[in-house]
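2 protein chains.
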Amino acid sequence: MMQFGKIAVIGAGNVAYTLCNVLKSKEMSPCCVLVRNEAEAEKLRQKFNVNVVSDYEKVLESDFLIIAVNDDSIAEVASHLIDYKGLAVHTSGTKSSELLNRIERYGVFYPLQTMSKDREISFDEVPLLIYANSPEDLIRLRGFALQLSSKVKYCDDEQRQAIHLAAVFVSNFTNVILGIGGKVLKDNNLPLSIMEPLVKEMIEKSFKNSPENALTGPARRGDMATIQAHEEMLSNHPKEQEIYKILTNYILENYHKNEKL
Amino acid sequence: MMQFGKIAVIGAGNVAYTLCNVLKSKEMSPCCVLVRNEAEAEKLRQKFNVNVVSDYEKVLESDFLIIAVNDDSIAEVASHLIDYKGLAVHTSGTKSSELLNRIERYGVFYPLQTMSKDREISFDEVPLLIYANSPEDLIRLRGFALQLSSKVKYCDDEQRQAIHLAAVFVSNFTNVILGIGGKVLKDNNLPLSIMEPLVKEMIEKSFKNSPENALTGPARRGDMATIQAHEEMLSNHPKEQEIYKILTNYILENYHKNEKL
Numbered sequence: 551m552m553q554f555g556k557i558a559v560i561g562a563g564n565v566a567y568t569l570c571n572v573l574k575s576k577e578m579s580p581c582c583v584l585v586r587n588e589a590e591a592e593k594l595r596q597k598f599n600v601n602v603v604s605d606y607e608k609v610l611e612s613d614f615l616i617i618a619v620n621d622d623s624i625a626e627v628a629s630h631l632i633d634y635k636g637l638a639v640h641t642s643g644t645k646s647s648e649l650l651n652r653i654e655r656y657g658v659f660y661p662l663q664t665m666s667k668d669r670e671i672s673f674d675e676v677p678l679l680i681y682a683n684s685p686e687d688l689i690r691l692r693g694f695a696l697q698l699s700s701k702v703k704y705c706d707d708e709q710r711q712a713i714h715l716a717a718v719f720v721s722n723f724t725n726v727i728l729g730i731g732g733k734v735l736k737d738n739n740l741p742l743s744i745m746e747p748l749v750k751e752m753i754e755k756s757f758k759n760s761p762e763n764a765l766t767g768p769a770r771r772g773d774m775a776t777i778q779a780h781e782e783m784l785s786n787h788p789k790e791q792e793i794y795k796i797l798t799n800y801i802l803e804n805y806h807k808n809e810k811l
Numbered sequence: 551m552m553q554f555g556k557i558a559v560i561g562a563g564n565v566a567y568t569l570c571n572v573l574k575s576k577e578m579s580p581c582c583v584l585v586r587n588e589a590e591a592e593k594l595r596q597k598f599n600v601n602v603v604s605d606y607e608k609v610l611e612s613d614f615l616i617i618a619v620n621d622d623s624i625a626e627v628a629s630h631l632i633d634y635k636g637l638a639v640h641t642s643g644t645k646s647s648e649l650l651n652r653i654e655r656y657g658v659f660y661p662l663q664t665m666s667k668d669r670e671i672s673f674d675e676v677p678l679l680i681y682a683n684s685p686e687d688l689i690r691l692r693g694f695a696l697q698l699s700s701k702v703k704y705c706d707d708e709q710r711q712a713i714h715l716a717a718v719f720v721s722n723f724t725n726v727i728l729g730i731g732g733k734v735l736k737d738n739n740l741p742l743s744i745m746e747p748l749v750k751e752m753i754e755k756s757f758k759n760s761p762e763n764a765l766t767g768p769a770r771r772g773d774m775a776t777i778q779a780h781e782e783m784l785s786n787h788p789k790e791q792e793i794y795k796i797l798t799n800y801i802l803e804n805y806h807k808n809e810k811l
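First to last, the sequence lines map onto chains P and L.
Position one of the first sequence corresponds to residue 551 (the numbering used here), numbered consecutively onward.
Position one of the second sequence corresponds to residue 551 (the numbering used here), numbered consecutively onward.
Because the hints were derived from the structure by calculation, they are not lab data.
Wrong hints could be hidden among the right ones.
Which copy? The list can't say, so a pair holds if one copy fits it or any two copies do.
Distance condition first, Cα-Cα at most 27 Å in a straight line; then the derived DSS-like pairs of lysine-lysine [claimed, not checked]: (1) Lys736 x Lys556; (2) Lys750 x Lys576; (3) Lys736 x Lys795; (4) Lys635 x Lys574.
Construct all of the structure, not just a fragment, from the sequences and the given hints.
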């Protein structure tokens with residue numbers, strides 16, 4: 551467990567919070583967390599009983615550093631770490647590992663999960679996508695990651711960026727589609743919660759078979775009468791109607807099967 | 551349990567299959583199932599050990615009839631049932647109850663769930679949306695539905711059609727979005743299965759809070775550099791790129807919060 555020596559974290563956002571929580575649960579709490587905002591620092595101190603610092607001095611003494619700041623701040627943070635002797639990784643799904651290349655030993659540690667401060671999640675099943683600029687550090691990073699999750703995967707920048715793009719589809723876009731469903735229901739004084747069993751069963755089915763095999767509905771059947779009725783029902787919501795049309799056409803063009811039951 | 555007397559089912563598709571299975575599990579197996587296709591009839595006989603018939607004679611003797619055929623066949627089926635004395639319901643999310651109005655006692659029994667022959671599901675938590683053309687039959691239908699699920703809800707045609715439209719968004723469109731994520735991953739020799747923990751956590755979060763509160767990602771942050779990189783990555787997939795753009799713009803216009811972590 552101590553092969554990494556002292557672990558430090560930079561950041562006070564959703565990823566930093568979740569990391570502090572996961573590390574604490576594995577008795578690997580960081581030696582320090584660097585946070586610039588004093589209010590956020592105090593919250594972290596109270597929540598995780600960790601040593602929260604406001605300058606880089608302590609961080610430079612660590613052996614392993616997880617830079618869990620937002621994408622646009624990574625370069626600025628890295629500029630303070632040019633003399634860092636440990637292994638520094640960022641946690642971004644989309645930013646190049648090369649943002650850290652002025653540090654001698656660097657890499658990426660990208661947990662493929664949506665994280666929020668108010669949800670305590672386990673990393674046990676979360677894919678941890680790792681990269682390091684030397685084989686030795688890749689082995690070390692892998693050893694660290696395997697203590698947190700059974701799903702550790704080597705990924706270069708290009709693969710990680712493709713995964714991040716796919717994640718935007720399956721997470722963010724799925725989310726916004728759920729929101730539109732909720733809006734249609736709200737117009738009729740109905741709660742989104744009635745959709746929970748349907749959504750969960752569809753997700754189960756999609757991963758068990760494949761999304762293509764799990765697909766049902768009017769576009770899949772080529773049921774143009776229902777499609778037209780739906781488009782008319784959305785006439786007061788032109789943006790949502792446009793999304794309905796483009797996704798329906800996509801299904802009609804790619805997945806329409808003329809199955810008669 | 552016997553307040554309905556003899557239950558009959560018409561159909562051999564996903565809904566009819568699932569109904570036979572659910573009714574059997576509650577020891578309420580139908581007295582007969584009407585199926586026109588002989589191959590399908592034989593499958594149903596073997597699977598559920600029920601009396602499968604090919605004409606309307608036996609069906610007319612039942613007390614409660616569930617017409618679980620595809621939407622376009624409901625009217626034709628109803629034309630054979632003008633003398634039916636029991637309560638006849640269809641199971642469509644989208645078709646008017648009035649398709650059955652030449653039958654004396656009619657209604658709708660719409661299970662809000664995606665169903666497949668190869669997945670045995672329970673109705674315990676499935677919303678059952680019911681309608682009947684008389685208060686007495688509505689009470690009977692409610693009693694029946696409550697034996698299958700704890701979530702029984704009265705719905706007129708208009709509400710049911712709104713629910714069906716919402717279901718197309720949260721189920722079919724979510725499904726096709728997962729498929730696009732899978733396509734992006736496949737291009738990079740990666741399996742969709744790595745997305746399962748992310749998708750499931752996002753779904754949990756969306757129903758626990760709301761989709762709006764659960765939304766993260768580049769469009770939510772207004773991260774135009776990542777959005778542009780994603781669009782370029784999709785340049786070989788113009789249809790998927792178009793979907794990326796429209797959903798990203800929808801988020802930018804409706805949900806963009808300039809949160810700095």
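For each hint, the structure was consulted:
Taking identical chains as interchangeable, the C-alpha atoms of Lys736 and Lys556 are never at most 27 Å apart, the minima being 51 Å within one chain and 38 Å between chains. For a Cα distance limit of 27 Å, the shortest separation of Lys750 from Lys576 across copies, 23 Å, qualifies, whereas the shortest one inside one copy, 30 Å, does not. When the C-alpha separation of Lys736 and Lys795 is checked against a cutoff of 27 Å, the pair qualifies both within a copy, at 21 Å, and between copies, at 26 Å. Proximity of Lys635 to Lys574 under the C-alpha cut-off of 27 Å is restricted to the intra-copy arrangement: shortest distance 24 Å within a copy versus 67 Å between copies.
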